[in-house]
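These protein sequences, in sequence, are chains R and C.
With my numbering, the residue at position 74 of the first sequence is 74, and numbering never jumps.
With my numbering, the residue at position 1 of the second sequence is 1, and numbering never jumps.
Do not take every clue at face value.
[Stated by the list, open to error] DSS-like cross-link-like pairs, simulated, lysine-lysine; straight-line CA separation at most 25 Å:
{"#": "1", "chain 1": "R", "residue 1": "K366", "chain 2": "C", "residue 2": "K72"}
{"#": "2", "chain 1": "C", "residue 1": "K72", "chain 2": "R", "residue 2": "K55"}
{"#": "3", "chain 1": "C", "residue 1": "K86", "chain 2": "R", "residue 2": "K35"}
{"#": "4", "chain 1": "R", "residue 1": "K55", "chain 2": "R", "residue 2": "K353"}
Derived by calculation from the structure, the hints in this document are not laboratory data.
Below are the chains, spelled out letter by letter.
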Amino acid sequence: MYDLIVIGGGPAGLAAAHAAWEKGLKHILIVERDKELGGILNQCIHNGFGLHYFKEELTGPEYAGRFIHMLEDTGVEVLLDTMVLTITSDRQVHMVGKSTGYRVEEAKAIILAMGCRERTRGAIAIPGQRPAGIFTAGAAQRYVNMEGYLPGRRVVILGSGDIGLIMARRMTLEGAKVLACVEVMPYSGGLNRNIVQCLHDYDIPLYLSHTVTDIRGRNRVEQVVVSKVDNRRQPIPGTEMVFDCDTLLLSVGLIPENELTRQAGIRMDPRTNGAVVYENMETSLPGVFACGNVAHVHDLVDFVTAESQRAGRAAADYVLGAAPSSDSVLEVNNGDGVTYTVPQHIRPNRVEKNCDLFFRVNRICKNSEILVTSGAQTIAKFPREHMAPGEMEHIVLPRVLLERAQEDITVSIQEGASK
Amino acid sequence: MKELICIVCPKGCHLKVDETNDYKVTGNGCPRGEEYGKIELTHPTRVVTSTVQCSGGAHPRCPVKTSAPIPKELILQAVRCLDGVKLTAPVHTGDVVVPNICGTGVHFIATRDL
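Given the sequences, and given the hints that come with them, work out the whole structure.
Here it is as structure tokens:
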């Protein structure tokens, strides 16, 4: 019997396992389906990782490498090339591996760190023919950065998520021509800095409020048709632009990969597509925790690390019997302007000193205030000059304030309130 | 007055730089933003990342980066230095892959072990 089994060896799993080890668990297993640890960081060869956590700017492989080295100094066991098939409510983990075959391991606690996957053409139903040359941006990233293939020469990118922006630059540096980046929303879904250093630096046009309305080509993509959309995101006839290209990359969102979570009967949140979690990242199944992109899609790996360390420490507390028994639970609701919050539930007596709360806004908000209310009472206010849906917001709620809350908490945005 | 988005870290502060007043920077959340605002309008630089071929390792490509930011106008010239470079495993993080890129004194270094 393991103290802890961590499912997934990406940044979330690595940080969670390390934190649990540091907190005193000695019998930990990481199960990873790829042939190496590090997860998606291995293909994110650009820099910009680690500014918060390591206080320096690292590339994805360097960031992963640091955690892999940290784990090498521990007794954490790792099973590579091994896929978890099922987890049960009594914390049995069924897995199948290349060298180990089918096996079942039991654990006192489980951390779900499976990450997320990309939405595909099917998920957004783009009309047109079905030729070769249509890739998700992340698949193209793996081809270019790890396997050494260039997926195309003349490229249109749909979606302005970070991976799409990063791939616009990457394909350009590898000699491809990126004709356009097309975004259906009136604002970009990616980080501002990626708009600047991936599109502006290389004079790649960004078409906001536009989308792909046709894909043409018999065997390989030959043309992509892009149209302007109205404020209900419907294409406007007569605005079509035709791009002659051989490749369409899709950067149209990420979906937490929660088949195992659902199968185990863990309560899900339709807003995050992840499990409903408490302040310590515990799910509705006691002793099972979720962290990183499987819980909600993050923009920055540094925040994945911090969240996963909390989950790792909480799993250790659970196994070592150090977790206080809980009584009152506050539900965190979305108010105006807020798409989701993580955690969705807070047990004030389990909060050490402060409770981190993450959320996204549903529109661009300028000079606004984040209001945290409980009934008629405002328990905290945070001013923000600029917020955008592409950038996750983070506030810190001190335990003393949470203990004062009489009823469930609501997080909302009040625009133009301050100054 | 020029408006910029700081790219030093993913926070993306909205900077204002006054060219007429010794490139005075406002709107920055940290001292690095001030430095970025000045440099971006006087001589912009970037860290460049790419890959080179590698045989004998777990993957056929090894990721690399410039050991320091290089002038923005040298980016395309710099990545061209990587054409035809072939490494053989073992490679270690920090190994110099191409020294002194375009006479800048900056090197391309490996960013993973292979």
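Evaluation of the provided hints:
no.: 1; hint: R:K366 with C:K72; in the structure: violated (31 Å)
no.: 2; hint: C:K72 with R:K55; in the structure: holds (24 Å)
no.: 3; hint: C:K86 with R:K35; in the structure: holds (23 Å)
no.: 4; hint: R:K55 with R:K353; in the structure: holds (24 Å)
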